[in-house]
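*Asks:* So the sequence shown is numbered by the numbering used here: it starts at 11 and just counts up by one.
What the hints contain is simulated information worked out from the structure, not anything from laboratory work. Everything numeric in this text was worked out from a predicted model, so none of it was measured. Even glycine gets a Cβ: it sits at the ideal position worked out from N, Cα and C. Heads up, a few of these hints could be off.
Label pairs and their calculated CB-CB ranges [to be verified]:
#, residue 1, residue 2, range
1, V160, A71, 30 to 40 Å
2, A31, P239, 29 to 39 Å
3, Q152, E245, 16 to 26 Å
4, H76, D215, 36 to 46 Å
5, E245, N54, 31 to 41 Å
6, E221, R155, 16 to 26 Å
7, N241, R179, 13 to 23 Å
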Amino acid sequence: MIDIHTHLLPGVDDGSPSVEASVPVLERFRQDGVTVLVCTPHLNATEAHRAPIERNRAILATLVEHAPSLPQLVLGWEIMLDAPGADLRAPHLHLGDSGAALVEFPRMHVPPGATQEILRIRMSGVTPVIAHPERYHQCTPQIVREWRSVGAVIQMDAVMVFGNAPTSRLARRLLEEGLIDCIASDTHGDSRSLAMARDWLEGIDAHEQAELLCTINARRLLNREAVLPVNPIPETDHGMLTKLKSMFLRRS
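Hey, can you work out the whole structure from these sequences and the hints?
*Replies:* Following this line, the structure appears as structure tokens:
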């Protein structure tokens, strides 16, 4: 699997506080089957021109020294679109060498002009990867369709397949309508993992979708290739029963 959204670069944001905290998470991810992981600390778009890339490279090198046999680590950012018009063309703002930038909206809502801003980023030559649309208030499948129609790639958080909160119900609906391109952990050094979503998808017999969402499309994105369409998953029995069923099937 390939995880394109994590906060495991230690001591730089609200994610992992130290190398010692990051290494066990990386070890667990390796055991889960993660082979490549992108470190995406928070960055405001208005501060992109002075992003501390050399600092992050030095911290990444230290982390690699302590975890040489763990997943391959790649640098990126999760960029908050705190103002329209930011220039995201600099390669160091992208997910590795992908030409794609992981972006999110402020205050967990869809701002006016969101689709136009996504289109502007795409027209600048950068592929916008929209992080966790299921978390944005007022977000709907139709809005996500609009974002995809102007060139966005849609990334869902793995843990959102579980539960009955509005965010989780929207996440599953987006999967049921084939509107998610890839899934990532968005771990902050906690228990969240990409394997959660893989196991859940396999538990509902969505094996092809699991491979596309957790591995293939992330690899294609990092290789500057177009992501592949993902078929809608079967409609699910939402909530805890689904979680328990998928976990039981995975372990049996």
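*Asks:* Against this structure, judge whether each hint is valid.
*Replies:* Going through the hints against the structure:
For V160 paired with A71, a C-beta distance near 37 Å keeps the hint of 30 to 40 Å intact. At about 37 Å, the CB distance of A31 to P239 agrees with the hint of 29 to 39 Å. Between Q152 and E245 the Cβ separation comes to about 19 Å, which falls inside the hinted range of 16 to 26 Å. At about 39 Å, the CB distance of H76 to D215 agrees with the hint of 36 to 46 Å.
A beta carbon spacing of about 39 Å between E245 and N54 agrees with the range 31 to 41 Å that was offered as a hint. Taking the beta carbon of each, E221 and R155 are about 23 Å apart, inside 16 to 26 Å as hinted. Against the hinted window of 13 to 23 Å, the Cβ-Cβ separation of N241 and R179 comes to about 20 Å, which satisfies the hint.
When held up to the earlier numbered hints, the structure conflicts with none and fits them all.
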